[in-house]
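**Student:** Given next are the chains, with one letter for each unit.
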Amino acid sequence: NAGVTQTPKFQVLKTGQSMTLQCAQDMNHEYMSWYRQDPGMGLRLIHYSVGAGITDQGEVPNGYNVSRSTTEDFPLRLLSAAPSQTSVYFCASRYGGGNTIYFGEGSWLTVV
Amino acid sequence: AQSVTQPDIHITVSEGASLELRCNYSYGATPYLFWYVQSPGQGLQLLLKYFSGDTLVQGIKGFEAEFKRSQSSFNLRKPSVHWSDAAEYFCAVGFISSGSARQLTFGSGTQLTVLP
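From first to last, the protein sequence lines stand for chains A and B.
Here my numbering is used: the first residue of the first sequence is 190, the next is one more, and so on.
Here my numbering is used: the first residue of the second sequence is 56, the next is one more, and so on.
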């Protein structure tokens with residue numbers, strides 16, 4: 190049981206490049222979400238999903254796309270990376286009837 | 056809208072001393088409350104959580120937290136700090152958004168330094 194797995198752990202991008210952060214969970218959790226962590230700001234919600242085929246925006250969705258074609262996977266896409274997207278990204282998941290959210294190990298992204 | 060405030064950005068304590076990290080929240084209903092810890096370069100580890108019932112909750116690594124509804128607080132405590140407790144601590148409140156997705160609102164974090 191691997192829990193929530195994020196890849197890559199570290200990535201450097203050039204401004205304007207695109208990339209996808211992968212997130213997978215093997216706990217059959219219905220709810221998945223992406224947060225970004227910036228110094229002094231805690232974690233902020235980017236996008237979330239309540240089940241396969243359903244996604245919605247969080248607090249800071251601009252510049253990011255998501256999709257949820259399967260229960261297990263919830264990739265986060267940066268279409269045209271900007272330096273303001275330099276951050277640590279955390280994927281999280283939760284069982285539908287539960288209240289505890291489980292986090293991945295984080296992905297450190299630098300946009301130069 | 057819900058919010059979480061951690062008023063102390065940085066706290067320094069000596070090893071063996073007691074610790075209290077403050078957390079205040081603003082939320083219209085009874086919240087789900089969490090404390091997470093993050094070591095440098097690591098992910099978030101859940102220390103403890105409060106959903107209902109006994110307002111004093113015990114967590115891992117000897118931590119405890121007390122929910123005080125009248126003060127809208129959920130302070131984290133440890134009677135004797137170890138050097139390995141040096142990390143950043145995040146308080147979070149869970150809420151139900153549209154679609155019944157329980158997401159978390161985080162405080163800005165408190166960095167704990169432990170002196171030998």
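In short, the hints are calculated from the structure, not lab data.
Hints may contain errors.
Straight-line Cα separation of at most 20 Å, SDA-like style, residue types lysine to any residue; simulated pairs [what the hints assert, rightly or not]:
id	chain 1	residue 1	chain 2	residue 2
1	A	Lys-198	B	Ser-94
2	B	Lys-104	A	Thr-289
3	A	Lys-198	B	Gly-96
4	B	Lys-104	A	Gly-192
5	B	Lys-116	B	Ser-139
So, partial list: chain B residues that the calculated Cβ filter (under 10 Å) puts toward chain A [said to hold, decoys possible]:
id	residue
6	Leu-74
7	Asn-79
8	Tyr-80
9	Tyr-82
10	Gly-98
11	Ile-115
12	Phe-118
13	Phe-145
14	Gly-149
We put the CB at the ideal spot given by N, CA and C, even for glycine.
**Student:** Against this structure, judge whether each hint is valid.
**Tutor:** Cross-check of the supplied hints:
1. Proximity of A/Lys-198 to B/Ser-94 is assessed by CA-CA distance (about 15 Å); at most 20 Å being required, the pair is judged to hold.
2. For a cut-off of 20 Å, the pair hint linking B/Lys-104 to A/Thr-289 stands: about 8 Å separates their Cα positions.
3. A hinted pair counts as satisfied when its Cα atoms are at most 20 Å apart, and A/Lys-198 with B/Gly-96 qualifies at roughly 10 Å.
4. Only pairs whose Cα atoms come within 20 Å are accepted, and B/Lys-104 paired with A/Gly-192 is accepted, the gap being roughly 19 Å.
5. Restraint check for B/Lys-116 and B/Ser-139: satisfied, since their Cα atoms lie roughly 10 Å apart, inside the 20 Å limit.
6. With a cut of 10 Å, the hint placing B/Leu-74 at the interface with chain A is violated, because the nearest CB-to-CB distance is about 20 Å.
7. A cut of 10 Å between beta carbons decides the hint on B/Asn-79: the least distance to chain A is about 14 Å, and the hint is violated.
8. With its C-beta approaching chain A no nearer than about 12 Å, B/Tyr-80 sits outside the 10 Å limit, and its interface hint is violated.
9. A distance limit of 10 Å between C-beta atoms decides the matter here; for B/Tyr-82 the minimum to chain A is near 14 Å, and the interface restraint is violated.
10. Evaluation of the B/Gly-98 hint against chain A yields a held restraint, the C-beta minimum of about 4 Å falling below 10 Å.
11. Given the 10 Å rule on beta carbons, the hint for B/Ile-115 is violated: about 13 Å separates it from the nearest Cβ of chain A.
12. The interface hint given for B/Phe-118 is broken, as the beta carbon of that residue sits about 16 Å from the closest beta carbon of chain A, more than 10 Å.
13. Residue-level restraint check for B/Phe-145 holds (minimum Cβ-Cβ distance to chain A is 6 Å; threshold 10 Å).
14. Hint status for B/Gly-149: holds, given a least beta-carbon distance of 6 Å to chain A, under 10 Å.
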